[in-house]
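Visitor: Produce the entire structure from the sequences given, and follow the hints as far as they go.
Number of protein chains: 2
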Amino acid sequence: MKAIILFGHGARDARWREPFDRLAELWRAQHADVPVELAFLEMMQPSLEEAVATLGAKGAKDITVVPVFFGQGGHLRNDFPVLLDACREKFSQITLSTTPAVGENVAVLQAIIDFGASAL
Amino acid sequence: MKAIILFGHGARDARWREPFDRLAELWRAQHADVPVELAFLEMMQPSLEEAVATLGAKGAKDITVVPVFFGQGGHLRNDFPVLLDACREKFSQITLSTTPAVGENVAVLQAIIDFGASAL
Chain A
222 MKAIILFGHG ARDARWREPF DRLAELWRAQ HADVPVELAF LEMMQPSLEE
272 AVATLGAKGA KDITVVPVFF GQGGHLRNDF PVLLDACREK FSQITLSTTP
322 AVGENVAVLQ AIIDFGASAL
Chain B
222 MKAIILFGHG ARDARWREPF DRLAELWRAQ HADVPVELAF LEMMQPSLEE
272 AVATLGAKGA KDITVVPVFF GQGGHLRNDF PVLLDACREK FSQITLSTTP
322 AVGENVAVLQ AIIDFGASAL
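Residue numbers (the working numbering), protein chains in the order written: chain A, 222 to 341; chain B, 222 to 341.
Quick caveat, the hints were computed from the structure, so don't treat them as lab data. Please note: incorrect hints may appear among the correct ones.
Unchecked claim - Over 10 Å on every C-beta distance to chain A, these chain B residues come out as not near it, computed from the model:
1) 238
2) 253
3) 268
4) 277
5) 304
6) 306
7) 324
Stated by the list, open to error - A few chain A residues that face chain B, going by a derived Cβ cut-off under 10 Å, partial list only:
8) 236
9) 287
10) 316
11) 318
12) 326
13) 340
Stated by the list, open to error - For each label pair, taking beta carbons as the anchor points, the in silico distance ranges come out as:
14) B:252 / A:309: 22 to 32 Å
15) A:298 / B:267: 20 to 30 Å
16) B:267 / A:283: 38 to 48 Å
17) A:270 / B:252: 18 to 28 Å
18) B:299 / A:242: 18 to 28 Å
Every residue, glycine too, gets a C-beta built ideally from N, C-alpha and C.
Guide: What follows is the structure in structure tokens.
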């Protein structure tokens, strides 16, 4: 079974995660056959490892982790691969693959442009 | 004259800003009549104040600041209003308005969902 993890940075203010909760709701409404979990690098729960465990317990064998970050800086180039390797070691029966950061996707950038243009 | 500032967090790794540079390029290609500047909260240049000064020097009188953040946490709720007020005081001839974070926009979230779905 396939599953997806939307992986964000995390923040001290609980309201920061609202768009992430909305993303998970949208995913569930549109892709009900593919379980989704959020995961956060720091300051919020669950961790990547906890999210993988949750999906693994539901029978996921093939999990795609989507970094919901704009840029690919130190967090994605250094911290994220370490977390991912630890998950691969701990959950050897699960295939974990990743995508570039969502900020690398031109449709995401175009949506931001259109949002800005609509606000002028 | 109207102008726009795309305001991001900033990061230590210079490669983090690549999507922001791409956003500015997309904006210039599609909205050539509305000057755009990037600005960053920390760790990258220019600051919000520097970006406002640059656009003011070009004759901008009405600047919309779009926070290119997912969530509205402490940075947008606490730090950003302080910076904005300082700019309003310093550049009293310029009208500065803002939008919610781009992560509040459903089209941006939908583009992220579609990106994730295409990666499964």
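Visitor: Indicate, hint by hint, whether the structure satisfies it.
Guide: Now for the hints, and whether the structure bears them out:
1. For residue 238 of chain B, the requirement that its beta carbon stay farther than 10 Å from each beta carbon of chain A is not met, with the minimum near 6 Å.
2. At roughly 12 Å from the closest C-beta of chain A, the C-beta of residue 253 of chain B stays outside 10 Å, upholding its exclusion from the interface.
3. Separation of residue 268 of chain B from chain A is adequate, the least Cβ-Cβ distance of about 18 Å exceeding the 10 Å criterion.
4. At roughly 17 Å from the closest C-beta of chain A, the C-beta of residue 277 of chain B stays outside 10 Å, upholding its exclusion from the interface.
5. With a least beta-carbon separation of about 17 Å from chain A, residue 304 of chain B lies farther than 10 Å from that chain, consistent with its non-interface assignment.
6. With a cut of 10 Å on Cβ distances, residue 306 of chain B stays outside the contact zone with chain A, its closest approach being about 20 Å.
7. Distance to chain A contradicts residue 324 of chain B as a non-interface residue, since its nearest Cβ pair spans about 4 Å, not more than 10 Å.
8. At a threshold of 10 Å, the smallest CB-CB gap from residue 236 of chain A to chain B is about 6 Å, leaving the interface hint in force.
9. Interface hint at residue 287 of chain A: satisfied, since its Cβ lies 5 Å from the closest Cβ of chain B, which is below the 10 Å cut-off.
10. With a least beta-carbon distance of about 12 Å to chain B, the hint placing residue 316 of chain A at the interface is violated under the 10 Å criterion.
11. A distance limit of 10 Å between C-beta atoms decides the matter here; for residue 318 of chain A the minimum to chain B is near 8 Å, and the interface restraint holds.
12. Interface restraint check: residue 326 of chain A against chain B, minimum CB-CB distance 5 Å, threshold 10 Å, status holds.
13. This hint holds: residue 340 of chain A has a C-beta 4 Å from the nearest C-beta of chain B, less than the 10 Å allowed.
14. Range check, residue 252 of chain B to residue 309 of chain A: about 44 Å between beta-carbon atoms, so the 22 to 32 Å window is missed.
15. For the pair residue 298 of chain A and residue 267 of chain B, the supplied restraint of 20 to 30 Å holds, since their beta-carbon distance comes to about 24 Å.
16. Taking the beta carbon of each, residue 267 of chain B and residue 283 of chain A are about 44 Å apart, inside 38 to 48 Å as hinted.
17. The hint said 18 to 28 Å for the Cβ distance between residue 270 of chain A and residue 252 of chain B, and at roughly 43 Å that hint is violated.
18. The given range of 18 to 28 Å is respected by residue 299 of chain B and residue 242 of chain A, whose C-beta atoms sit roughly 21 Å from each other.
Checked against the numbered hints listed earlier, the structure breaks hints 1, 7, 10, 14 and 17; every other hint is satisfied.
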